[in-house]
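Undergrad: Take a look at the letters that make up each chain.
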Amino acid sequence: MIERLRASALLPFLAVILGLIVGALLILVAGKNPWVAYSAMVEGAFFGGNAFGRTLEKATPLIMGGLAVAVAFKAGLFNIGGQGQLLLGAAFAAWAGFTFDLPMIVHIPVALIVGGLVAALIGAIVGGLKAYRGTHEVITTIMLNFVLGNFTDWLASRDGPWNDPEGGALARTPLIADSAQIPRVGGLPTGFLVAVGLAVLCWWLIERSTFGFEIKTAGLNKNAATYAGIGVNKILILTMAISAFLAGVGGAIETQGVTNRFEPGFNTGLGFDGITIALLARTNPLAVVPAALLFGAMDAGSSLMQSQARIAPEIIAVIQAAILFFIAAPTVVQYITRARNVSSEDDGVRLSAGWGG
Amino acid sequence: MADQQLLLDARGLTKRFPGVLANDSVDLQLAPGEILGLLGENGAGKSTLVKMLFGIYKPDEGEIFMKGSKAEIDEPGDAIELGMGMVHQHFQLVGPLSVAENIVMGAEPKRGMFFDLTKGEEQVAELSQRFGLAVDPKAIVEDLPVGLQQRVEILKALYRGAEILILDEPTAVLTPQETDELLQVMRDLAATGVGIIFITHKLREILAVTDRVTVLRDGKWVGTESTEGATQESLAELMVGRSVVLRIDKDDASVGEPVLSVHDLRVRDDRGHELVRGASFEVRSGEILGVAGVEGNGQRELVEALTGIRPANQGKVTIGTQDVTKASPRTIAEIGVAHIPEDREKDGIVGVYSVADNMVLNQYFKAPFAKGGQRQFAAIAENAERLVEQYDVATPSIKTPGKSLSGGNKQKVIVARELSIENKLVIASQPTRGVDVGSIEFIHKQLVAERDRGAAVLLVSAELDEIFSLADRIIVMYEGEVVADMPAEDATREQLGLLMAGATD
Ligand SMILES: Nc1ncnc2c1ncn2[C@@H]1O[C@H](COP(=O)(O)OP(=O)(O)OP(=O)(O)O)[C@@H](O)[C@H]1O
Ligand SMILES: [Mg+2]
Chain A
1 MIERLRASAL LPFLAVILGL IVGALLILVA GKNPWVAYSA MVEGAFFGGN
51 AFGRTLEKAT PLIMGGLAVA VAFKAGLFNI GGQGQLLLGA AFAAWAGFTF
101 DLPMIVHIPV ALIVGGLVAA LIGAIVGGLK AYRGTHEVIT TIMLNFVLGN
151 FTDWLASRDG PWNDPEGGAL ARTPLIADSA QIPRVGGLPT GFLVAVGLAV
201 LCWWLIERST FGFEIKTAGL NKNAATYAGI GVNKILILTM AISAFLAGVG
251 GAIETQGVTN RFEPGFNTGL GFDGITIALL ARTNPLAVVP AALLFGAMDA
301 GSSLMQSQAR IAPEIIAVIQ AAILFFIAAP TVVQYITRAR NVSSEDDGVR
351 LSAGWGG
Chain B
1001 MADQQLLLDA RGLTKRFPGV LANDSVDLQL APGEILGLLG ENGAGKSTLV
1051 KMLFGIYKPD EGEIFMKGSK AEIDEPGDAI ELGMGMVHQH FQLVGPLSVA
1101 ENIVMGAEPK RGMFFDLTKG EEQVAELSQR FGLAVDPKAI VEDLPVGLQQ
1151 RVEILKALYR GAEILILDEP TAVLTPQETD ELLQVMRDLA ATGVGIIFIT
1201 HKLREILAVT DRVTVLRDGK WVGTESTEGA TQESLAELMV GRSVVLRIDK
1251 DDASVGEPVL SVHDLRVRDD RGHELVRGAS FEVRSGEILG VAGVEGNGQR
1301 ELVEALTGIR PANQGKVTIG TQDVTKASPR TIAEIGVAHI PEDREKDGIV
1351 GVYSVADNMV LNQYFKAPFA KGGQRQFAAI AENAERLVEQ YDVATPSIKT
1401 PGKSLSGGNK QKVIVARELS IENKLVIASQ PTRGVDVGSI EFIHKQLVAE
1451 RDRGAAVLLV SAELDEIFSL ADRIIVMYEG EVVADMPAED ATREQLGLLM
1501 AGATD
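From first to last, the protein sequence lines are chains A and B. So the first sequence is residues 1 to 357, counted in our numbering. So the second sequence is residues 1001 to 1505, counted in our numbering.
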């Protein structure tokens, strides 16, 4: 058990270290002190003021996006559409938030679930196209990112139905009702706990439930799944719906816990970061949490790094991209670190898995 | 000092996998023009041995000499360079490309910068004529029958100048005719000086073509003997370490009610060709119905339709009293139908799943393996421990991934799983393909026990031996039709052979 954990945690660990080294080199090239920069980043992420709360807040949509990708991956599906699904969830949660008038204990979950379900519907369509028409989900989800991005933009725009009448020229929805806002407890965002709860639930689903066994079987060997009496098409549709649901709830938590309304463009890229997070976590739902915390901390710490060490926050994006690169290229890591047993395949995690057809 | 006369001289090869000593200081010698048989039970280490020779695995210990000098083989590329060719059980061909393209790929003739296809085709035609391996260079590989695809693999090796040819269970996927042709090809190649290492579980084939045979048991070299004078019995005993019953004894069938009735069944394949054309037959409880026929005459589609995997176009299938013509695989399984699929790698096993998970693929959702939607790992493990013991599956543990079992042990996992619950109907397609003689005996006994318990057994097999030793009644399929239906004791080999070839009386 310990051995296995070591082997499977080794690659992500090395990738993060290498990513940070790449970042340090770039900071050096820019004539700055990496030590100072990284200290500022750590301070900005964990200490002082509301730093830790911000880290948790940043990590929350990353957990959801990461779970979305990880769960789909178990069925052999590559959900690149987290971004669009997240925007859809964010917009519809806002709608449920400013439209209904409900007690808080009902309103919060209702808005979260509305956001999730609308996204799930899109996911089900993607899954259905894959199952019955063979349309590759990578293609459909990428295209849907554009469609859903523009659609949600329009919803909140001045010509759109959900535009904030008090916002003047601003493209945004009205504020959601107080009863739909996820409260902070002691300065810490409660939405984070919701995300962690869902991560545990996903883990149970995949690793412990019979349904998860069906998902994995369908993802690993479609024929054997069919012979075992598993309805593979049904699994593809349900899994894609669950995946999109998770991304949608991620967007809803942003709306209800952070922005309190839907404003297009407030969270560009969050959905895409989910892919990196899922890979860093080697598609293990529980590992998604620490992976998201790491990225969340980097994002949260970047502003202090900018003000204290005068380093552009883009360096964080470079570090994150470098980590993704090293995760995706285990042989490179192996070569650089001479580490043995670094393999990206022992959990059935292959970057190319989605392209099999 | 190594012998210069030997094409290949491997000494003390050892290979360890987690929990298994797959090869324990094994020696192997191959002379030019010699056909060397490699025999051993499932999991004895035959595939591991040849994979080390070919550079797929790196030996932990031992040395390989070729023509007297030490060979450094780190990867298959080195082995090919040194004149080795290997035909894997799973072909490494590119389906949509032509025969010639597949053969010359990687060493293709060029004109200027460009691939010279015409030249390639000429070379391939010349090669296939020289070695008597007829195949059309322009044919598209995926349209060819398995036997010809295998021929393409062999030509591919010869094109690269192979002097040593390694064939790992090449006949497991062939029809009897194709097998005979392959054996002839092997003899012809050996006559030109090529040395061949030939792995098979069929003792008849060993006796028919090999000059010497090396036997492995539990990863150890047991002996190398000249084939002359050997008999099936003596080889089986050498391999298993005890005498083996090659023909099973069974009591007379006590036949009951019909369990499976098929009426005028028509089934299409993926391309829309009708491959089962109006088949009608019955299997009754307490009998084994053998379906004989050359592969590709609709048996696969028939079984797929009976198990709900492929829709029937027309006709009616009844199990017990239930019409299951349109039923799903799950519904049919739940009525009490076990299915041993013919392609175990593709349809029967999930490679990365543990042996334990593979053993509950048919029951994972039911008590005691699941409660309230939650999997019960203790019960799953217990089930696996029991079946591994009962079916003598060679595996380091029940947690070992299915893919690292040897071919025959994968088959045992499937058979164990499918027969672990009492069913009304057992459908077994090629249940002993790639299985060693000892295990064939065991699986046959299990099928007979199912029959004696009162189950109906539908046995599809391309092996006439298997049909004759098990079936109580035999039907013959030819071009999708049932052309004969007779009690086993009335059937003769000659008659079945003719019927399978399409003769009408
Ligand atoms: N890649 C692998 N990883 C772990 N164990 C392996 C691997 N390949 C083979 N083994 C184990 O090594 C032993 C020998 O396997 P091998 O495939 O060589 O047997 P074989 O003689 O070819 O059997 P069969 O007749 O069933 O094909 C088996 O116990 C098998 O489980
Ligand atoms: Mg083998």
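Hints in this document: simulated from the structure, not taken from any laboratory. The reader is advised that the hints may include incorrect statements.
To be verified - Mimicking DSS-like on lysine-lysine, the simulated pairs with C-alpha atoms at most 27 angstroms apart in a straight line are: (1) Lys-222(A) x Lys-1326(B); (2) Lys-1366(B) x Lys-222(A); (3) Lys-234(A) x Lys-1250(B); (4) Lys-222(A) x Lys-1346(B); (5) Lys-222(A) x Lys-1371(B); (6) Lys-234(A) x Lys-1346(B); (7) Lys-234(A) x Lys-1326(B); (8) Lys-1067(B) x Lys-1202(B); (9) Lys-1424(B) x Lys-1346(B); (10) Lys-1220(B) x Lys-234(A); (11) Lys-1399(B) x Lys-222(A); (12) Lys-1067(B) x Lys-222(A).
As the list claims (entries may be wrong) - Listing some non-contacts, in silico: residues in chain A with all C-beta distances to chain B over 10 angstroms: (13) Asp-164; (14) Asn-221; (15) Ala-224; (16) Ile-230; (17) Ser-307; (18) Glu-314.
Positions of the beta carbon are idealized from the N, C-alpha and C atoms, including for glycine.
Undergrad: Confirm or reject each hint.
TA: Hints and how they fare:
Straight-line distance between C-alpha atoms of Lys-222(A) and Lys-1326(B) comes to about 21 angstroms, which keeps the hinted pair within the 27 angstroms bound. A distance of roughly 21 angstroms separates the Cα atoms of Lys-1366(B) and Lys-222(A); the hinted pair therefore holds under the 27 angstroms criterion. Between Lys-234(A) and Lys-1250(B) the alpha-carbon distance is near 45 angstroms, which puts this suggested pair outside the 27 angstroms criterion. A C-alpha spacing of about 9 angstroms is found between Lys-222(A) and Lys-1346(B), which places the hinted pair at or below 27 angstroms, so the restraint holds.
About 25 angstroms separates the Cα atoms of Lys-222(A) and Lys-1371(B), which keeps this hinted pair within 27 angstroms; it holds. With a CA separation close to 21 angstroms, the supplied pair Lys-234(A) and Lys-1346(B) stays within the 27 angstroms bound. For the proposed pair Lys-234(A) and Lys-1326(B), the alpha carbon gap of about 18 angstroms is at most 27 angstroms, so the pair holds. A threshold of 27 angstroms between alpha carbons decides the hint, and for Lys-1067(B) with Lys-1202(B) the separation of about 30 angstroms lies outside it, so the pair is violated.
Restraint check for Lys-1424(B) and Lys-1346(B): satisfied, since their Cα atoms lie roughly 25 angstroms apart, inside the 27 angstroms limit. Among the hinted pairs, Lys-1220(B) with Lys-234(A) is inconsistent with the structure: their alpha-carbon atoms are about 48 angstroms apart, more than 27 angstroms. This hinted pair checks out: Lys-1399(B) and Lys-222(A) have alpha carbons roughly 22 angstroms apart, not beyond 27 angstroms. For a cut-off of 27 angstroms, the pair hint linking Lys-1067(B) to Lys-222(A) is broken: about 47 angstroms separates their Cα positions.
With a minimum CB-CB distance of about 44 angstroms to chain B, Asp-164(A) clears the 10 angstroms threshold, and the non-interface call stands. Not every CB of chain B lies more than 10 angstroms from the CB of Asn-221(A), the least distance being 5 angstroms, so the non-interface label is violated. With a closest Cβ-Cβ approach of about 5 angstroms to chain B, Ala-224(A) is found to fall inside the 10 angstroms limit, against its non-interface label. The Cβ of Ile-230(A) does not lie farther than 10 angstroms from every Cβ of chain B; its closest approach is about 8 angstroms, which violates its non-interface assignment.
Every CB of chain B is more than 10 angstroms from the CB of Ser-307(A) (nearest about 48 angstroms), matching its label as outside the interface. With a least beta-carbon separation of about 39 angstroms from chain B, Glu-314(A) lies farther than 10 angstroms from that chain, consistent with its non-interface assignment.
Going through the hint list in order, the structure does not satisfy hints 3, 8, 10, 12, 14, 15 and 16.
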